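> Chains P and S supply the protein sequences, listed in that same order.
Going by numbering that gives the first Met the number 0, the first residue of the first sequence is number 0, and it counts up by one from there.
Going by numbering that gives the first Met the number 0, the first residue of the second sequence is number 0, and it counts up by one from there.
Keep in mind the hints are simulated off the structure, nothing from the lab.
Remember, it's a predicted structure, so these values are computed and weren't measured experimentally.
One or more hints might be untrue.
What the hints assert, rightly or not - Where chain P lies over chain S, by a calculated footprint (3+ residues, C-beta under 8 Å):
no. : region
1   : 43-56
2   : 124-137
3   : 186-197
4   : 321-335
Note that CB positions come from ideal geometry on N, CA and C, so glycine has one too.
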Amino acid sequence: MATTPDITDPDDTASPVDETPVAQSGVTTRGPLWVLALTAVAAIAVGLVALALLGGESLPTRNGPPVEKLAVERTVLRPSEIDVTVRNVGVDPVRIAQVFVNDTFVDVSGGTDPIKRLGTATVRLTYPWQDGQPYIVSLLTSSGLVIEHSIPAAVATPSSSGTLGLMALLGTYVGIIPIALGMLVLPLLRRSGPVVVRVLLALTVGLLAFLAVDGGIEAIEQSQLSGRAFGGPALVVLGAGLAFLVLTAIDGILKKRRQRADPSQPGGLRLAVMIAVGIGLHNLGEGLAIGSAYAIGELALGAFLVIGFALHNTTEGIAIVAPLATQRPSLLQLTALGLLAGAPAIPGAILGATVVNAELSALLLGVGVGAIAQVIVQITPALRPSSGQKLGPETIGAITAGVLVMYLTGLLVAA
Amino acid sequence: MTPTPSRRQFLAGGAVLGTGAAALGAGAMRDPPGKGTGAHHRMEHGGGVNGPSFRAGATVDHSANGFHPSKVLRDFDYGQVSTTPDGRTVRQWDVFAADREVEVAPGVRFPAWTFNSRIPGPTLRCREGDLLRVRFVNGSAHPHTMHFHGIHPADMDGVPMVGRGVILPGESFTYTFDAEPFGLHLYHCHVGPLAEHIARGMYGTFIIDPPRDRPPADELVMVMHGYNTTFDGQSNQLYAVNGIPFHYMHEPVRVRRGELVRIYLINILEYDPINSFHIHGNFFDYYPTGTRLRPTEFTDTVVQGQGQRGICELRFPHPGRFMFHSHKTEFADLGWMGFFEVT
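Isolated chain P, as found in the complex:
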């Protein structure tokens, strides 16, 4: 790969190899390509139908008992009432016949019909639960199987009206403000030499690498809770992979457009936008985690949380402005960058506190991981000093420092 001495994107010099006219080789003398394609698709379809009809007949049916699996996706607690939303993550339909809570049968409404595979149902339980106590909700299916769900500490689910405002505020505190603060280092950056800029970018890579790993672990944990109906950990990989590919494509489009418009303009702003997008997607997932922790009463709100996140996320602001050291972005551009990176924490927190389930959390956290990975890939070439191919000791030191800073500030966050 070609390298350039400074942060004006190293990929810019890549030759446009895609222009080779390979498409023409597909035309044959025996007829148009689409006829051939249609024939092939039709043949495959006929084959599959035949296999389903004949092959299915030739195999014995399952002779074991029904496979009943339910995953509890959401629990809403109101005074003397518990709503439990389940998803059938097994093979066979499941019918919730009766429910007992802490070894007491309770009146149940809803969920009387069999739940089909991947279908959901909500049962409303009448039960005088007490604040802060643990409960085990046992769903007794029509075949006598018991599916247990543990509520570690019962806390009234916040009402959605009050939650919206609170989550918006929380998202602003932990997302937008810290990033804006971090971006305040920009004037300082301008006065610094290329080495300082490179060190700061290396620090950013360290920070992002930590976020990617941290987000990945969180995503896997979430996916384990989901009952794996939609793939479990595979969902995380899917989210990460898609995010990575989509951002790579967007980056390519931005690059081309800029080259066409003004080839002399350096790519610092574009890189900053990409970093902001990546961090923004990460903060969406972070907001989700905060919101859902709040919804189940596990989030210790207060100064500690806000300061912890603020320190943690201020570094993200530094990461965004790092590529802008040699640029003169307008205040509007800077504001947009800050919002791009920080604002997703707000919808994330709202989603997490109101509707989100473990699968969506896992997917979105995975998206954040993929986005960050893409950003790291983009920044990395700029870390190499102009003279050589290898990373200098100051760069490696800065990456390490970035990881450590994230680790240490992460310890301050209990969520």
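Using the hints provided, position chain S relative to the given structure of chain P.
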């Protein structure tokens, strides 16, 4: 006492045994148990602070199950009676084992193993000294036996590898023994794994009346048991008296004020070591195992281990609804509770 084979005849028989017309009247007035699912006497119960409940309004389909707990309560089977040339009473019963899917709670189906397609099995009743012949036909897909509590020869004990041993599917055997000692006993399958064979539903009440009748009374059988619907062998998910959890909450046991009530109480619960019986607003005389005619205790709560049983005698001085349940309250919350309705 005049032996009568069917339960309707028994009501009449009990009347003869009692004080004639008055008792007959009482028997007739008593709500014929198990008429449909009790559209006119069905009671709502529980929910939230009002206590445990299945889905409000839901009941099991007793007719599909083939037995009704309100009938089981007063259903005594005296067998086919004949007399030997030397004047001895002989009672013969036909009991069959059958695999049945039972709706043990509204919407919950339990693959049960049963005696005579009901849980608990038939209440076999005789008098001390009778000669008993129990013809057992195994119509189940699994090997079973009938093991009676009582005093009898080893080859009539209904356990594997002794006497006839295990009765295989399709086979039959007649257990023949003398009725002794008088008291409240039970019978159950004794094939391994024992706990499962019992927990699947293979148990019933075996009453040997004393040579001279106990005082006339409104007699009830209450078999305390449970259902381990998950088959994990750890504990039960449902607890009941006479087959269906919470049944007597919907359809209270109707008794008459001031009349002597005699409860034949049996604990055949598996997996949980003890069970108990507690009655509200009243006390009862307790006759452990029913083998003595004097009560040992005047109480409102008794504890029974697995296989223990005893007779409770009481009169209700006040009208109204009185709860009865296991004072192991976890069992009560999981189905073992009901009401007496005193009129």
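> Mind checking, does the region 321-335 of chain S have 3 or more residues with a CB under 8 Å from chain P?
holds (count 4)
> Checking C-beta pairs, does the region 124-137 of chain S have three or more residues closer than 8 Å to chain P?
With 0 residues close enough to chain P, the hint is violated.
> In terms of beta carbon proximity below 8 Å, does the region 43-56 of chain S have 3 or more residues touching chain P?
Holds: 9 residues of the region 43-56 of chain S have a Cβ under 8 Å from chain P.
> Counting residues of the region 186-197 of chain S whose CB is closer than 8 Å to a CB in chain P, do you get three or more?
Since 0 is below three, the answer is violated.
Consistency with the previously given hints fails for numbers 2 and 3, ordered from lowest to highest.
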